[in-house]
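Protein chains in written order, with the working numbering: chain U, 80 to 181; chain C, 892 to 1053.
These are computed hints drawn from the structure, not numbers from a lab.
Computed from a prediction, not measured in an experiment: that's the story for all the values here.
Note that beta-carbon positions come from the ideal geometry of N, C-alpha and C, so glycine has one too.
Keep in mind that a hint or two might mislead.
If you anchor each label on the Cβ, the simulated ranges turn out as follows [stated by the list, open to error]:
no., chain 1, residue 1, chain 2, residue 2, range
1, C, Asn1027, U, Glu81, 33 to 39 Å
2, U, Arg180, C, Leu1002, 48 to 54 Å
3, U, Thr83, C, Asn1027, 50 to 56 Å
Covered by chain C, per the in silico footprint, the following chain U stretches (three or more residues, Cβ under 8 Å) [said to hold, decoys possible]:
no., stretch
4, 80-92
5, 96-102
6, 125-135
7, 138-151
8, 154-164
9, 174-180
Computed far set for chain C versus chain U, every beta-carbon distance over 10 Å [unchecked claim]:
no., residue
10, Phe928
11, Lys1015
12, Glu1034
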Amino acid sequence: MEVTLTHFLVVSTLLFSFGIYGIVTRKNAIMVLMGIELILNASNINFIAFSRYGNFGLQGQLFALFVIVLAAAEAAIALAIVLNVYKTFVNVNVDEIDELRD
Amino acid sequence: MGIYDIIFYLFAAVTLLSAFFVVTTRNIVRAAFFLLFTFFGVAGIYVLLGADFVAIAQLIVYVGGILILLIFGVMITNKITQVDIKTGTIHTLPVAVGVGLLAGVILAVVLNTDWFQIPTEMPKSTLSTLGSMLLNEYVLIFELLGILLLVALIGAASMARK
Chain U
80 MEVTLTHFLV VSTLLFSFGI YGIVTRKNAI MVLMGIELIL NASNINFIAF
130 SRYGNFGLQG QLFALFVIVL AAAEAAIALA IVLNVYKTFV NVNVDEIDEL
180 RD
Chain C
892 MGIYDIIFYL FAAVTLLSAF FVVTTRNIVR AAFFLLFTFF GVAGIYVLLG
942 ADFVAIAQLI VYVGGILILL IFGVMITNKI TQVDIKTGTI HTLPVAVGVG
992 LLAGVILAVV LNTDWFQIPT EMPKSTLSTL GSMLLNEYVL IFELLGILLL
1042 VALIGAASMA RK
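Using the sequences provided together with the hints, build the complete structure.
See the structure below:
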């Protein structure tokens, strides 16, 4: 079967679903971050696929680059927060962290 | 079925299988390594779509930066006494059903829509076009992203030092 736009969209849909599943079911905060990265990758595949098949230049690729930059900033900030949470609560399980102050 | 299609199915299979293992394996270190294969597969899909620079950026930033950062996070936030660092899971069955329904709805929309698609000519190299777009039409976003990265760097460093 010849590869068309639909194939890429199906791949990104499945990747997005796996990401949602990871975010909701995992307890460890770093595993939640991995789920977020999967979702960002799925959105990037969509951007680039539409950029290739939509006949409007390279804007989709440019936005995929912006998403990659935002993902890098997000990972750095999120890991700094996770480190602080670990210092305060001694674990990083998101279902046990339910207090805002000591 | 041409060579292009075979390579696409190969990369799609690598991406989806390793993404599946990322969200199902209980060992965090193993999940991080499967995430590596997912990022490689996605970079391959970018190449198949003619996005050479984005694919390289994906490899450098995701594999070289974010994944290393995640593995550092795993190492720092666990008392390492043995190799297997487990993570618990909650509500797996209801979430699986819900996510399956969501995926079904999106897939139905994707498969039943008559997408407007004109495959553009595969560009020889996207580098010069992307560069001139970044410094002409999108220069404001480009500068803002630079400031954002600086703020994120300072913020992360000051938060982690406290």
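**Message:** Checking each numbered hint in turn, tell me which of them this model violates, lowest number first.
**Reply:** The structure breaks hints 3 and 9; every other hint is satisfied.
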